[in-house]
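Asker: Sequences listed follow chains R and F, in order. If you want my numbering, it's the position in the first sequence, counting the first as 1, plus 1005. If you want my numbering, it's the position in the second sequence, counting the first as 1, plus 590.
These are calculated hints, taken from the structure and not from any lab test. Source: prediction; values computed, not measured. One or more of the hints may lead you astray.
As the list claims (entries may be wrong) - If we take Cβ atoms under 10 angstroms as the criterion, some of the chain R residues that face chain F in the derived model are:
hint : residue
1    : Ala1109
2    : Tyr1143
3    : Trp1169
Don't be surprised by glycine CBs; every beta carbon is placed ideally from N, CA and C.
Next come the chains, spelled out residue by residue.
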Amino acid sequence: MLTGIPLRPLVLLLLALVPFSIALASPLPTPKGTVLLTLSGDIANANVGDEAHFDRAMLQALPTRVIETHTPWHRDRGRYEGPLVRALLEAVGADDVEQVRIRALNHYEAEVPVSDFRRHDVILAMTRDGESLTIREYGPLFVLYPFDEHPELLTEAIRFRSVWHVEQIIVP
Amino acid sequence: MLRYPLRLKLGAIAALVFFAAALVVVGLVAWRQDSLAESVGGDAAWHAYKLDRDTVQLRSFLARPDLSRESLQALRLRFELLYSRLTLLQDGDITELLGNIRVAEQLIPEIERHLQALDEQIRGLERLDDDARGSLTQRLETLGGVTERLIIAINGHLAETTTRERERLQTLYGVLLLLILAMSLAGSLVVAFLFREARDNAAARRDLESLSRELEVTARQAESANRAKSEFLATVSHEIRTPLNGVIGMSDLLQGQPLPDRARHFADTIHDSARLLLELINDILDFSKIEAQRLELEARPFALGELVDGAISLFAPRAEARGIHLACELDPGLPPYLLGDAGRLRQVLLNLLSNAIKFTEQGEVRLRVRDEGDGQVLFEVIDTGGGIAPRRQAQLFEPFQQGDPSTARRFGGTGLGLAISKRLVEAQGGRIGLQSEVGHGSRFWFLLPLSVADSGEQSEETVASLPEQSVADARLLVVEDNPVNQQVARAMLERLGCRVSVADTADAALLQAGRERFDLIFMDVQLPGMDGLEATRRLRARGGWSAEVPVVAMTAGGPGGDQARCLAAGMNGYLTKPLFQDALMATLQRHLSPAGTMPGVGRPAATAGKGTAGQTLEAATLTALGESLGEQGLAALITLFRQQAAEHLDGLEQAVAEGVPRRVEYLAHQLKGEASSLGAVKVAGLAARLERLGREGRLDEVAVGLGALHRCLAQTLTALEAWMQGE
Chain R
1006 MLTGIPLRPL
1016 VLLLLALVPF
1026 SIALASPLPT
1036 PKGTVLLTLS
1046 GDIANANVGD
1056 EAHFDRAMLQ
1066 ALPTRVIETH
1076 TPWHRDRGRY
1086 EGPLVRALLE
1096 AVGADDVEQV
1106 RIRALNHYEA
1116 EVPVSDFRRH
1126 DVILAMTRDG
1136 ESLTIREYGP
1146 LFVLYPFDEH
1156 PELLTEAIRF
1166 RSVWHVEQII
1176 VP
Chain F
591 MLRYPLRLKL
601 GAIAALVFFA
611 AALVVVGLVA
621 WRQDSLAESV
631 GGDAAWHAYK
641 LDRDTVQLRS
651 FLARPDLSRE
661 SLQALRLRFE
671 LLYSRLTLLQ
681 DGDITELLGN
691 IRVAEQLIPE
701 IERHLQALDE
711 QIRGLERLDD
721 DARGSLTQRL
731 ETLGGVTERL
741 IIAINGHLAE
751 TTTRERERLQ
761 TLYGVLLLLI
771 LAMSLAGSLV
781 VAFLFREARD
791 NAAARRDLES
801 LSRELEVTAR
811 QAESANRAKS
821 EFLATVSHEI
831 RTPLNGVIGM
841 SDLLQGQPLP
851 DRARHFADTI
861 HDSARLLLEL
871 INDILDFSKI
881 EAQRLELEAR
891 PFALGELVDG
901 AISLFAPRAE
911 ARGIHLACEL
921 DPGLPPYLLG
931 DAGRLRQVLL
941 NLLSNAIKFT
951 EQGEVRLRVR
961 DEGDGQVLFE
971 VIDTGGGIAP
981 RRQAQLFEPF
991 QQGDPSTARR
1001 FGGTGLGLAI
1011 SKRLVEAQGG
1021 RIGLQSEVGH
1031 GSRFWFLLPL
1041 SVADSGEQSE
1051 ETVASLPEQS
1061 VADARLLVVE
1071 DNPVNQQVAR
1081 AMLERLGCRV
1091 SVADTADAAL
1101 LQAGRERFDL
1111 IFMDVQLPGM
1121 DGLEATRRLR
1131 ARGGWSAEVP
1141 VVAMTAGGPG
1151 GDQARCLAAG
1161 MNGYLTKPLF
1171 QDALMATLQR
1181 HLSPAGTMPG
1191 VGRPAATAGK
1201 GTAGQTLEAA
1211 TLTALGESLG
1221 EQGLAALITL
1231 FRQQAAEHLD
1241 GLEQAVAEGV
1251 PRRVEYLAHQ
1261 LKGEASSLGA
1271 VKVAGLAARL
1281 ERLGREGRLD
1291 EVAVGLGALH
1301 RCLAQTLTAL
1311 EAWMQGE
């Protein structure tokens, strides 16, 4: 035990440093391959200008999940894999916002509450049954909720939030 | 549920069934709302629209004049996006819906064909020149026509489906409405039925209440009728007793006159007949009291031996006259004093003895008293009479029943005796019964619970045991409204040497008592206007001698003559009319002190402080002796009495041991005289009993009596000493 140093203020100070230390500890690398996803707006970590760009390798480096489920848009059950959306938001330091706007290649756009990502393991699906998703199969990135695990998610609102062809996430 | 009527059950069941059906319909409606067309119909239209729109946009992209080399890349991206729509139409959940639409089923493969062609063409492109743009635009135009038809087909289908769905829903809603109506109807029926039942119940309850009120009124009427009957009986008996009082009193006086033999015989007959009549009326009065449940029982200590002896000696002359032996067996193990109603016990004993003697022609009547344990005393009256036939035995204790119809003619009587006895015994918690055999005799018995009394200190004084004492010159006031009774009372009291004043109302009595001083007042309870109880209360309230003068109630035994009420009003004693000479005498002796005859020096008989000696000693006698002899003289007399009494007792024991009844009689007589002159009334009483036993030669009973005499003498001597110290 250290003597002479007041313990409480020290602990508080350390605690206050924690978010910065994480942010500082893993600065976003610069994407090397084709950029699949751009995060813009009020983000703490950027790598290109004030935006955060991700290529396939960077996305795969994030914590991922495998979701096996049916969807309203596929005939069969599929095995989807991709980074957790909440991990992605944490990586750019934008996990404390209330909602984000997710945009598609075809300019489709949906506002999604961040609480969805905290409550469920929502992923940006990159592969289906091991195969990368093509644009024809709603790729390259596809917001996927675990429908089979939570059948109550099969509502119009969640369908609306399940954006395909994702290319950009805007943090307001 | 089972006891409810069918229609109520049916109504309730119908309401339940309708309710269940309505629930099913509501479920159907909810399920319909969630149906396929509703959920994905909108999606299908949306995706078809997007397909069409992407096609149109791609066409307009190709028509743009500023297309550069990079534009091929953009074209490919746009085509990929367009193609993803086809994937959706073929693989998504709207595929099923599209399969239901006949036109769409044909259109989808066509669209696929066009897109495949476009795909191949775009893939093969190296540059986006005008030719390529032209052919692509043409093909996109064809595709646009097909996608437009798809939108129309889907919309048409949706319109039809929606209409059909709405119609179905309307039907369901209609059914639901009907069910709810039916349910409400069934519910209303149940409610109406319950309401009517509640109303019927209330009416039934009201009927019951009014019925019970009527019954109550009837019961009250019956009760009051019964009470009226009892009152009537009591009043009539009372009314008969009043003139009878005159007959008995006058014949009693007449018997005291010198009469010729014939006239004496008439007077005796009148007297006996009147007494017989009085007994009958007393029986009726008793019975009506018992029936009206107005019987009052006392619980006071009494001497069983004295009671039994008294009863036997009362019948001894009659038995002797009929030539019957009258015997008595008293269990020596019985306690000398018992707690109970001696008067009622005596009444039952006398009745049984009287019957036994009446119906026994020869042989003996035996009274046996035994301790049955557990505080039960068994009294048996055994005779050697004619016996009673078994079929008569059961009725015997019913009122107005006699052993034989001819009995009434032969022996008279009301037939109430045994009925009264039975009720009296049962009222005291006992049982009564009989065993009888025709030609061999009968055994009447009753069993009474009588607890042991500590001593006879509070036992009732036996009238006969009181020493004779002069009541001459006592000044008496007789308050009596009946002229005959006035005459009887005056004649009887004057014969005893008293000076008698008569008042015929309570007011007159109070007036006389205000003017003159009396030694004793006889007060009739029932008087016109103010009654005797109220007059006594007023007299007591005056203070002075009026507060202490003995007042003796005279009642005809009718209603309102209860002993307790008389005593509560401040009276000292109680006499039941008709008046008899001996009862009058006893009353006078009890309540008059000799000193009382001398105004000014009188002392109330039995003041506080002499209470302990009160029962063993006659305070008045002692006071008088003390006044005439002086204190020393009285002390000497008491010492003499102590010696004499001891000698007499020794002599008595010796006489019993030697078996000399005549000597017993003599010594007991001596003791009696000495004791009474000193006011030792109790010793005198016991001595009188021994004297009688000695005369009758019953030495075994004398031995028992001697023990009691010993104890009583010791008490008396202690009391005498206490008296001397008190003086």
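Asker: For each hint, tell me whether it holds in the structure or not.
Answerer: Status of the hints after comparison with the structure:
The restraint placing Ala1109/R at the interface with chain F holds, with a minimum CB-CB distance near 9 angstroms, inside the 10 angstroms limit. Hint on Tyr1143/R holds. Least Cβ distance to chain F is approximately 6 angstroms, under the 10 angstroms limit. The interface hint given for Trp1169/R holds, since its Cβ lies 7 angstroms from the closest Cβ of chain F, which is under the 10 angstroms cut-off.
Checked against the numbered hints given earlier, this structure breaks none of them.
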